[in-house]
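Please put together the full structure from these sequences, using the hints given.
There are 2 protein chains.
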Amino acid sequence: MRSDPHPYGIHRTLDPPGALPQLAWRLDASSPPRENEIAVDVQALAIDSASFRQLLEAEKAGKGNVADQILKIVAERGKMHNPATGSGGIFLGRVRRVGARHPAAGVLAPGERIASMVSLTLTPLQLERVGGVNRRAERVEVEGTAILFARTLYARPPSDLPEETSLAAFDVAGAPASVRRRAKPGDTVLVIGTGKAGLLSIAAAREKVGAEGRVFALDASEPATSRARSLGLADEIWTLDARDAVAVHAAFEAKTGGRLADLVVNVANVPGTEPASILCAREEGSVLFFGMATSFSAAALVAEGLAHPGTLLIGNGYVPEHAEMAIDLLRRHAALSQAFADLLEERP
Amino acid sequence: MRSDPHPYGIHRTLDPPGALPQLAWRLDASSPPRENEIAVDVQALAIDSASFRQLLEAEKAGKGNVADQILKIVAERGKMHNPATGSGGIFLGRVRRVGARHPAAGVLAPGERIASMVSLTLTPLQLERVGGVNRRAERVEVEGTAILFARTLYARPPSDLPEETSLAAFDVAGAPASVRRRAKPGDTVLVIGTGKAGLLSIAAAREKVGAEGRVFALDASEPATSRARSLGLADEIWTLDARDAVAVHAAFEAKTGGRLADLVVNVANVPGTEPASILCAREEGSVLFFGMATSFSAAALVAEGLAHPGTLLIGNGYVPEHAEMAIDLLRRHAALSQAFADLLEERP
Numbered sequence: 000m001r002s003d004p005h006p007y008g009i010h011r012t013l014d015p016p017g018a019l020p021q022l023a024w025r026l027d028a029s030s031p032p033r034e035n036e037i038a039v040d041v042q043a044l045a046i047d048s049a050s051f052r053q054l055l056e057a058e059k060a061g062k063g064n065v066a067d068q069i070l071k072i073v074a075e076r077g078k079m080h081n082p083a084t085g086s087g088g089i090f091l092g093r094v095r096r097v098g099a100r101h102p103a104a105g106v107l108a109p110g111e112r113i114a115s116m117v118s119l120t121l122t123p124l125q126l127e128r129v130g131g132v133n134r135r136a137e138r139v140e141v142e143g144t145a146i147l148f149a150r151t152l153y154a155r156p157p158s159d160l161p162e163e164t165s166l167a168a169f170d171v172a173g174a175p176a177s178v179r180r181r182a183k184p185g186d187t188v189l190v191i192g193t194g195k196a197g198l199l200s201i202a203a204a205r206e207k208v209g210a211e212g213r214v215f216a217l218d219a220s221e222p223a224t225s226r227a228r229s230l231g232l233a234d235e236i237w238t239l240d241a242r243d244a245v246a247v248h249a250a251f252e253a254k255t256g257g258r259l260a261d262l263v264v265n266v267a268n269v270p271g272t273e274p275a276s277i278l279c280a281r282e283e284g285s286v287l288f289f290g291m292a293t294s295f296s297a298a299a300l301v302a303e304g305l306a307h308p309g310t311l312l313i314g315n316g317y318v319p320e321h322a323e324m325a326i327d328l329l330r331r332h333a334a335l336s337q338a339f340a341d342l343l344e345e346r347p
Numbered sequence: 000m001r002s003d004p005h006p007y008g009i010h011r012t013l014d015p016p017g018a019l020p021q022l023a024w025r026l027d028a029s030s031p032p033r034e035n036e037i038a039v040d041v042q043a044l045a046i047d048s049a050s051f052r053q054l055l056e057a058e059k060a061g062k063g064n065v066a067d068q069i070l071k072i073v074a075e076r077g078k079m080h081n082p083a084t085g086s087g088g089i090f091l092g093r094v095r096r097v098g099a100r101h102p103a104a105g106v107l108a109p110g111e112r113i114a115s116m117v118s119l120t121l122t123p124l125q126l127e128r129v130g131g132v133n134r135r136a137e138r139v140e141v142e143g144t145a146i147l148f149a150r151t152l153y154a155r156p157p158s159d160l161p162e163e164t165s166l167a168a169f170d171v172a173g174a175p176a177s178v179r180r181r182a183k184p185g186d187t188v189l190v191i192g193t194g195k196a197g198l199l200s201i202a203a204a205r206e207k208v209g210a211e212g213r214v215f216a217l218d219a220s221e222p223a224t225s226r227a228r229s230l231g232l233a234d235e236i237w238t239l240d241a242r243d244a245v246a247v248h249a250a251f252e253a254k255t256g257g258r259l260a261d262l263v264v265n266v267a268n269v270p271g272t273e274p275a276s277i278l279c280a281r282e283e284g285s286v287l288f289f290g291m292a293t294s295f296s297a298a299a300l301v302a303e304g305l306a307h308p309g310t311l312l313i314g315n316g317y318v319p320e321h322a323e324m325a326i327d328l329l330r331r332h333a334a335l336s337q338a339f340a341d342l343l344e345e346r347p
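As given, the protein sequences belong to chains A and B, one line each in that order.
Residue numbers for the first sequence follow numbering that gives the first Met the number 0, beginning at 0 and rising by one.
Residue numbers for the second sequence follow numbering that gives the first Met the number 0, beginning at 0 and rising by one.
It cannot be assumed that every hint is accurate.
[Said to hold, decoys possible] FRET-style restraints, in silico, Cβ to Cβ:
1. B:99 with A:252: 21 to 31 Å
2. A:220 with B:283: 30 to 40 Å
3. A:17 with B:104: 55 to 65 Å
4. B:255 with A:157: 37 to 47 Å
5. B:320 with A:14: 24 to 34 Å
6. B:256 with A:99: 26 to 36 Å
7. A:104 with B:282: 21 to 31 Å
8. B:282 with A:40: 30 to 40 Å
9. A:14 with B:104: 33 to 43 Å
[What the hints assert, rightly or not] Footprint (simulated), chain B over chain A, 3 or more residues, beta carbon under 8 Å:
10. 82–90
11. 293–305
12. 312–322
What the hints contain is simulated information worked out from the structure, not anything from laboratory work.
Beta carbons: idealized from backbone N, C-alpha and C, even for Gly.
Pasting the structure below:
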């Protein structure tokens, strides 16, 4: 089994052998690529928001700076799979070599810029160096090599948008695409968290619910809510901590006249926001959990404990055409592109 | 806030104050009940399957026997909330006192037998003693006091079924009720795990998909699959370890002629079964995760990594009328009742 290059990359799993790379503790990240793989010169990692936040907190707690923590995790696991949060992110790089039996042979040329559209938690990665850390963009400049399997998705950043913007949008593209799939015209949507995924979700929600629908959002950070307000797409946006379920529920219930939300989109990057998400959804409504800090058992047991029969969805990072959809949202809404640029610009 | 008896029980949260009891580290489990609470003389705990399995493993690893571990957790947290799995279970007991302002005042009488229909992870509990541990039923006899809040669900075990059977069915009633809600006539359903929740899910699936539909199931344990076969309700049941995603997927794909499942119901009690669950679902299909060993990030990232756009659902333990539905399934299918009795009977 391990000598056959598997389209899902199982041949690179070292521990435990035979597991999907996502579930492996450690991957073989060595070059050169097998005949159905692509090797990429990696230039930057966009770290998942929950992971990046955890790395920052560990740095504050004296566990080494973010760059060193990333080097250590990748050296140990052969992938940037944060053991504390279980999450990854995506990379940006240039194609080095395309295996002759990879589906993209003859399509992708060495030197082309691509971004991975699957999580770093399943992507074999070797790092020589970690350079600048952009804390606002949750992005780090690196030098290294990544491997893409036959079934691994990638995307080419478009030429009409800043590359950082595209990379950031790709990383969270599943959220707005899922919002578009789940929201219906006329719905009331509440977006919890107004980071990158939240901004795109607000835009996707507004397009889908239309003028008859209502879009609300909240975030604990005042700069984040100001930025979200600048989109001009939501009915109202509050600065509120979603961990305070009782306060958030009371405010939202009053604001909607007791109707609550048909769809709650959780894109928060902190733990403990499941109760507010569930309490703000109507009994016939749905909660779409995209924040990687979501706890399965907390969501399931809180709903049961509150006798709330709502539909609870695990946000799926893959929706067909999600990369294109996210880029199109940025193109259609100049204020959204501007907010992304603002979000990604490192303050001195 | 803490002096007002809150219908969700927030007044009993000690750490952190203001949190919902489910998310609290520690609850105030002291008697007597407040005016909108019920105090119950608890007689037995039905421990969640993932939690019970973890307690058994900890016992093997020399961390104390199951009874002592339960006493320790409850003493420390004021509730039977397994810190390793995040899950609980339900209790059976006799009503001691109903607060004058509880919705059941005048409805429930002291001495009546009731079972809690919400998780022990949010139920204030004090234990004087832990008696017999029934490893097959995942049930322990206890003496102690539990508190029900104004909004906490409970159910009366029916008189025409053995009490252990009802209690076991109540504990997992959300699974078959959700299967009934999600499956459609003619669907192909795969049930992963044939414990209590699995047996009820097989019966619910068969009733819903009808003769045109197909119901499959698998479990790693040969006694468990034999028992499930005795229902006579599934098309086929295999003894397979769901942690081996590649083997399970290959077998299921061959068996269904590549069609795969419209609905996969995960009621496994071990970690690592997310990939098999996702791989066995059609791209347009759904996976309903009910096993409390499910990892949110594993499910989300595996689907993304495999570019699988299926709908991923967090099983909600509360579905209106779920207790009655589970009991009715047992009444309609004599072989199911018999399988439950067999499953619950402690071997010497």
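Structure-based check of all given hints:
1. B:99 with A:252: 21 to 31 Å: 27 Å, holds
2. A:220 with B:283: 30 to 40 Å: Because 38 Å falls inside the window, the suggested range holds.
3. A:17 with B:104: 55 to 65 Å: For residue 17 of chain A and residue 104 of chain B the Cβ distance comes to about 58 Å; the hint holds.
4. B:255 with A:157: 37 to 47 Å: This hint holds: roughly 40 Å between Cβ atoms.
5. B:320 with A:14: 24 to 34 Å: Roughly 46 Å apart at Cβ, these two residues miss the hinted range, so it is violated.
6. B:256 with A:99: 26 to 36 Å: Once the Cβ atoms are compared, 32 Å apart, the range 26 to 36 Å for residue 99 of chain A and residue 256 of chain B holds.
7. A:104 with B:282: 21 to 31 Å: 25 Å, holds
8. B:282 with A:40: 30 to 40 Å: 33 Å, holds
9. A:14 with B:104: 33 to 43 Å: 58 Å, violated
10. 82–90: That given contact holds, which follows from 4 residues of the region 82–90 of chain A lying within Cβ reach (below 8 Å) of chain B.
11. 293–305: As far as the region 293–305 of chain A goes, the hint holds, because 13 residues have Cβ atoms under 8 Å from chain B.
12. 312–322: holds (count 8)
Of the numbered hints stated above, those contradicted by the structure are hints 5, 9, listed in ascending order.
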